[in-house]
Amino acid sequence: MSAHTYDPAIADEAAGAVDVVVQVRREEALLKTGALQKAIFNSANFSSIATDEKGVIQIFNVGAERMLGYTAAEVLNTITPADISDPQEVIARAKALSVELGTPITPGFEALVFKASRGIEDIYELTYIRKDGSRFPAVVSVTALRDAQDAIIGYLLIGTDNTARKRAEEALLQAGALQSAIFNSANFSSIATDEKGVIQIFNVGAERMLGYTAAEVMNQITPADISDPQEVIARAEALSAELATTITPGFEALVFKASRGIEDIYELTYIRKDGSRFPAIVSVTALRDAQDAIIGYLLIGTDNTARKRVEAEQQKLDQRLRDQQFYTRSLIESNIDAIMTTDPAGIITDVNRQMEALTGCTRDELIGAPFKNYFTDPARAEAAIKLVLREKKVTNYELTARARDGKTTVVSYNATTFYDRDRTLQGVFAAARDVTERKHIEQMLQEKNVELENAKFVAEQTVERLKDVERLKQGFLSTVSHELRTPLTSIRGSLGLLASGAVGALSDEVVEVVAIAERNAVRLIALINDILDLERLETGKIELQFGQVSAESVLRRAIESVGPFAREHGITIEASEVSSTIWADADRIVQVLVNLLSNAVKFSPPSGVVTIGVQPGEGWVEFRVTDRGRGVPAAYRRAIFERFRQVETSDAREKGGTGLGLAICKSTIDQHGGTIGVESEEGGGSTFWFRVATTPRPVAPRLGRAILVCGDDAECRRSFEEVITQAGYAVITVPDADAAWAVLQGGDVAVILLESDSALLARVRQEPAFEAIPVILFGSPLVVSPEALSDSLVLFLPERVDSRELLAAIRDGLERGRVAAQARYVLLVEDDLTLLDVMARQLSREGIAVRTATTGKEAIRVAETEPPALMVLDVGLPERDGFDVVDAMRQRPELRDIPVLVYTGRDLTEEQRGRLRLGPTRFLTKSKGSDGDFRRLVVELRRIPLAHGTDTGTRS
Amino acid sequence: MKVLIIDDDADIRSIARLSLSRLGGMEVVEAAGGAEGVRKAQNEQPDVILLDMMMPVMDGSATLAALRSQPATAATPVIFLTAKAMRVEVERLRALGAAGVLIKPFDPRTLPGDVRALVESQLNP
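Going down the list, the sequences are from chains A and B.
Here this note's numbering is used: position 750 in the first sequence is 750, and no number is missing along the way.
Every number in this note's numbering is 956 more than the matching position in the second sequence, counting from 1.
Calculated from the structure, these hints are not laboratory results.
Ideal Cβ placement from N, Cα and C applies to all residues, glycine included.
Hints should not be assumed to be uniformly reliable.
Simulated coverage check for chain B against chain A, where a stretch passes if three residues somewhere in it have a Cβ under 8 Å from a Cβ of chain A [stated by the list, open to error]:
(1) 1010 to 1023
(2) 1063 to 1076
Selected chain B positions facing chain A (Cβ under 10 Å, derived; list incomplete) [as the list claims (entries may be wrong)]:
(3) M957
(4) L979
(5) M982
(6) V985
(7) T1038
(8) A1039
(9) R1048
(10) A1051
Restraint ranges, calculated between C-beta atoms of paired labels, are given here [unchecked claim]:
(11) A:A635 x B:A1018: 20 to 26 Å
(12) A:S579 x B:A1018: 45 to 51 Å
(13) A:S561 x B:E1047: 51 to 57 Å
(14) A:E460 x B:E1047: 37 to 43 Å
(15) A:S607 x B:A1030: 52 to 58 Å
(16) B:Q1001 x A:I516: 38 to 44 Å
(17) A:I516 x B:Q998: 43 to 49 Å
(18) B:Q1026 x A:I516: 43 to 49 Å
(19) A:G677 x B:A1018: 27 to 33 Å
Looking at chain A on its own, in the form it has when it is part of the complex (with noise of 0.2 Å):
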């Protein structure tokens, strides 16, 4: 006996003594049995119960403990197996029994055991009930025991715990159920083959997705048959080498790794009915039988087409992402601006090159440091990221970057808040533009700003304070002929008293000291009148009065003036006999004449003779007067005409004189548009010469300042004179036309009174001219034509007619005359500036409205703008040259006919010339000389007829 503790029954069984040996033999097979049965008795993995015939559990071995939970104290002589098994199944498992066997069983213990108190072998399921209450599903076996005589004496039930088979069942269940779907979705092609590869099944799915119908494979091709050769062969390869074993290329590729357990699943392109091909995902398993050998395989496979698809969408998309980020962050990074991004509270985000240059730090650096941090100013910096938040926007925030080497930049700090899709604030976005040099330049305008304030403040007191010079210096004009003069009057009157003896006798000495005084009181007062004399000249204060003067009549006035003083000289004036008429102011030339005539007498030798000869020319008479003094010298000849300027400083005390003589003449001899000059030989004498025009040359129509009255009423046009005169204003009487037309070429004229003519009126409403002036009609009757009425420059005067009306007509035609003249001007278009400026000062001195261009562009914008009345041109031009601005003005009626004066130091060619005619249309060249070029300029412009004006309303 073994030292084993066994259950006694058993024990008492195998302890039946009838023979030793037997005994023995039987006791060593029953030990071997009981070895068995204590194995299985002993093991953990089954429960063995015994139980008396009745039920009650006698034997509640170590598996059953285990199993169960119970100790075996706990149940034997308890309970039966049927406590401890689910009741619902015992009851079914009762009916079911009662059913199979045609007899009632009872549900209990009875039902659990019935069929192995038949002697069937009785295996079946049963739910255990543990201890704890959990439940397990369990597999019994049932025995009855017997005794000798075949009695039950019990039953011994042996189970296994059936819960991981169980699940494994489900499991498989639940496999088998999945693999018939799979296997009959057509989303899965499910092909099975033999160990060789052909195809034994080919599914619905499979059918669908390959084109081929089950027939048309089965058992003829492999799944190989279907795929990319070129896959198969890769897969091949690949296999080879990750195996380290040669693998066929063909159905062995495919299923290999299957082949070996190994779980293989891949992508294969599968290849359709129809040579169309998609790309699958592949599942391969190895179908095994009992003795679990390879009997084929099953490849299920998914269409895989979608997916790629969308895998390359979605590849193409990323593609695009990329690109469109790259795109973005080249943008950004090659903004010149520095631009950076920040959260809302001010921590940098992200940050371009520039930003990177700007601060001296990296990106890295630069992210999650806070923006004012790279600032002189980091309160300011950060009040611009409130600012921002607060107001979505912000610009041109100056603010100063600091880099890390220390170096600031001024910048112009511009920003916006950014949202994501849902609107939420991401932060803020923002660029700083380097702004140094625009601070500069704004600094540098700042400071011409205040420059040319100041300068315009000094350039306004200087006007005023010219102006005030100018006040008064026309005070002063008015003042010291008054001032000056009235203690002169005094001086030079004692003086002159006492040198005539009226006062007394006195002794010869005394007269010869007062008669010094005398002379030089003469002097002064003299001189006092020159000088007035020359600044009223030159200021234009002196009004002319220019008429048909006899030659003859002046030179007769001159002489007759200086004939004391010549006499006194002991010199003999002598003139030629003349008989041309000037057209001038007689006393002023009266007075030029005079003073040639007493300078030559003062120059001349004693007992000499001063000649006068007057030469006619065309269009002009000269007047030359000759002495046989001592001359003049060459350096002279023009200073002489200067004021003070006389040739010997010791010639003023010994000749006398204001050396303001010949300053005066040549003022005078300009206002009439003449020519002065000397003749001289140093010892040899001098002839002292001028030129004045004969008639009026056509003049620009200057806005005059005289009333012409033209009547043949001499009562008539002495009362008007008076009035007018009265006015204030100068006036002119003419008896007739001719003589009114004679005046008008004067060009001095601002309006005519003309009576009632209206040949006279045609012809000078018709004059190019004259056209600016303004004629008041009067008399009676007044003959009108349609025209005229309908000429905004055409006035009447009522029958009878007042001072107070009369004036109110020449006051309304001096504003129409004034508004119509305004209209013309005449256009200087040249490149030179200084010249151009001389040129505009001239004519604005003769009175002439200039407008001037300085290009080819300019000037035909400006004519464009408003014809002129008359061009002069220089050919040479930037921007257009003047051929261009001939052809671009061709083009337009209102500018191809008006005239042009080509002014150019340029020799042209005749057809160039043809190239640069527009209406009537003169050349002048100019030469190095600018002086008497000008003087030839005015010449010529006063030859050429203007342009018909552009007057509103008073020309059809």
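Mind docking chain B on chain A? Use the hints.
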């Protein structure tokens, strides 16, 4: 010939007086201003009045107007004395009805002759 000089400048009056009396043999009466001048003109009945233009209070024009308004003095020839030598001014003065215009400073030697000549021409136009 009796001459009335109306001029606010005493020196000029003296010069004129000396000139007209010593050199011209005329009788001279003086007045220092327009008002006085008109009074004296009425009282003295001169043959000619030398009238300064630029006088304070009552200038030449006003004085002339006053003279012309009195029947006693309305026809008395008046010669203007002026320091303004501009022709336009001279014309203007003439237009006012003066017998003549003399420009200062005048030559004391020729003054009497000029006055006489102007009076003559006024009386015999």
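Quick one: are G677 of chain A and A1018 of chain B within 27 to 33 Å, going by C-beta? For A1018 of chain B against G677 of chain A, whose Cβ atoms are near 50 Å apart, the range 27 to 33 Å is violated.
Hint status (Cβ of R1048 of chain B to nearest Cβ of chain A, threshold 10 Å): holds (8 Å)
Evaluate the given range 37 to 43 Å for the C-beta pair formed by E460 of chain A and E1047 of chain B. Holds, at about 39 Å.
Closer than 10 Å between Cβ atoms is the bar; does T1038 of chain B clear it against chain A? Give me holds or violated. Nearest chain A Cβ about 8 Å off; hint holds.
For the stretch 1063 to 1076 of chain B, do at least 3 residues have a Cβ located nearer than 8 Å to some Cβ of chain A? holds (count 3)
20 to 26 Å as the expected CB spacing between A1018 of chain B and A635 of chain A, which holds or is violated: Distance hint for A635 of chain A, A1018 of chain B is violated at roughly 56 Å.
Three-residue Cβ test at 8 Å for the coverage of the stretch 1010 to 1023 of chain B by chain A: violated (count 1)
Restraint check, 10 Å cut-off on beta carbons, for M957 of chain B near chain A: violated (17 Å)
Is 38 to 44 Å right for how far apart the beta carbons of Q1001 of chain B and I516 of chain A are? holds (42 Å)
Evaluation of the interface hint that places A1051 of chain B against chain A, nearest CB under 10 Å: holds (6 Å)
May I ask you to test the hint 51 to 57 Å on the CB atoms belonging to S561 of chain A and E1047 of chain B? violated (20 Å)
Once the shortest beta carbon distance from L979 of chain B to chain A is found, is it less than 10 Å? holds (5 Å)
Violation of the numbered hints given earlier is confined to hints 1, 3, 5, 6, 11, 13 and 19; the remaining hints are satisfied by the structure.
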